[in-house]
Amino acid sequence: MGRRYGEDVLAGDWRRRKVTPEVDAETDLVVEDAESGFCGAVVGFEAGAVVLEDRHGRRRNFPLLPAAFLLDGRPVTLRRPSRSPVPAARRRTASGSVAVDGVRARVARASRIWVEGVHDAALVERIWGDDLRIEGVVVEPLSGIDALDAEVRDFGPGPGRRLGVLVDHLVPGSKESRIVARVNSPHVLVTGHPYVDVWQAVRPAAVGIPAWPVVPRGQPWKEGVCAALGVAEPADMWRHILSRVSSFADVETPLINAMERLIDFVTEPE
Numbered sequence: 001m002g003r004r005y006g007e008d009v010l011a012g013d014w015r016r017r018k019v020t021p022e023v024d025a026e027t028d029l030v031v032e033d034a035e036s037g038f039c040g041a042v043v044g045f046e047a048g049a050v051v052l053e054d055r056h057g058r059r060r061n062f063p064l065l066p067a068a069f070l071l072d073g074r075p076v077t078l079r080r081p082s083r084s085p086v087p088a089a090r091r092r093t094a095s096g097s098v099a100v101d102g103v104r105a106r107v108a109r110a111s112r113i114w115v116e117g118v119h120d121a122a123l124v125e126r127i128w129g130d131d132l133r134i135e136g137v138v139v140e141p142l143s144g145i146d147a148l149d150a151e152v153r154d155f156g157p158g159p160g161r162r163l164g165v166l167v168d169h170l171v172p173g174s175k176e177s178r179i180v181a182r183v184n185s186p187h188v189l190v191t192g193h194p195y196v197d198v199w200q201a202v203r204p205a206a207v208g209i210p211a212w213p214v215v216p217r218g219q220p221w222k223e224g225v226c227a228a229l230g231v232a233e234p235a236d237m238w239r240h241i242l243s244r245v246s247s248f249a250d251v252e253t254p255l256i257n258a259m260e261r262l263i264d265f266v267t268e269p270e
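Using UniProt numbering, you'd call the opening residue of the sequence shown number 1 and step up by one each time.
Please keep in mind that the hints were generated in silico from the structure rather than gathered at the bench. Where a beta carbon is used, it is the ideal one built from N, C-alpha and C, also for glycine. Some hints here could point you the wrong way.
Pairs of lysine to aspartate or glutamate, EDC-like flavour, derived with a Cα cap of 16 Å [as the list claims (entries may be wrong)]:
(1) Lys175 with Glu140
(2) Lys222 with Asp236
(3) Lys222 with Asp250
(4) Lys222 with Glu233
(5) Lys175 with Glu135
(6) Lys175 with Asp146
Per label pair, the in silico range of CB-to-CB distance [what the hints assert, rightly or not]:
(7) Glu46 with Pro141: 54 to 64 Å
(8) Pro210 with Ser247: 18 to 28 Å
(9) Thr253 with Asn184: 35 to 45 Å
(10) Ser143 with Arg203: 24 to 34 Å
Starting from the given sequences, assemble the full structure and let the hints guide the process.
Shown next as structure tokens:
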């Protein structure tokens, strides 16, 4: 009679049995498909599957299987809400990509993006910071690019360890173009913009000036700009410039194109 009803269901460590929580797939909820790693926001349902959209606007359908998704890194089972989700206005990041709310920054990749200095790094963070954190890409400032080929060799680029480099004044015949020509690796992408300094990549209207001053050749460019605009120190001018930048609309198109290429390059699956 003691075993008539089988084993005691309360026997053993029953408290530790893990139950995968069920979560309503509300519009704009950001989840990751556990199998493929595709991360995106819920935008709707099709044929019994949930539709996710990533930061590039790419959409994929995934079946609503048990424990098939990760929310904040933890397995969950998505379920279709009892009411149909109402499409919400899509929030955009400073770079213009679709914002993903409630998602933690990804663990940093081995790949990196290098920029020429701290001003470049601050401007990139101001516009592309949200995108870079979600993608797990670290931006590191250099002290110029005179030794770029040696620094690339020390970095050791390879599969899964890509390197993107943003260079100022990258135009034919410039010193920068000759330095870049010495870098030859399929795992490295060097691109840039035509402006003398990253300051100049900020639209004059955003800074509140009609145009960037023309600085005579041979004169330090930043100091020349400050002198023409009546600003005492380059540090004061830079604080003013950065404070006037809030989105990609405040910078010139060549800088936007260069950064988007670098982000795509270092995050592209091998």
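Quick rundown of the hints versus the structure:
1. Proposed proximity of lysine 175 and glutamate 140 is contradicted: the alpha carbons are some 22 Å apart, above 16 Å.
2. Pair hint lysine 222 plus aspartate 236 holds up; C-alpha atoms about 11 Å apart against a cutoff of 16 Å.
3. Proximity of lysine 222 to aspartate 250 is assessed by CA-CA distance (about 19 Å); at most 16 Å being required, the pair is judged violated.
4. About 9 Å separates the Cα atoms of lysine 222 and glutamate 233, which keeps this hinted pair within 16 Å; it holds.
5. Our distance criterion of 16 Å between C-alpha atoms is broken by lysine 175 and glutamate 135, whose separation comes to about 32 Å.
6. Between lysine 175 and aspartate 146 the CA atoms are separated by roughly 9 Å; this keeps the pair inside 16 Å, and the hint holds.
7. One distance hint, 54 to 64 Å for the beta-carbon pair glutamate 46 and proline 141, is violated here, with the actual separation near 44 Å.
8. Restraint check, proline 210 to serine 247: a C-beta distance of roughly 21 Å satisfies the suggested window 18 to 28 Å.
9. The hinted range of 35 to 45 Å is not satisfied by threonine 253 and asparagine 184, whose Cβ atoms lie roughly 28 Å apart.
10. At about 27 Å, the CB distance of serine 143 to arginine 203 agrees with the hint of 24 to 34 Å.
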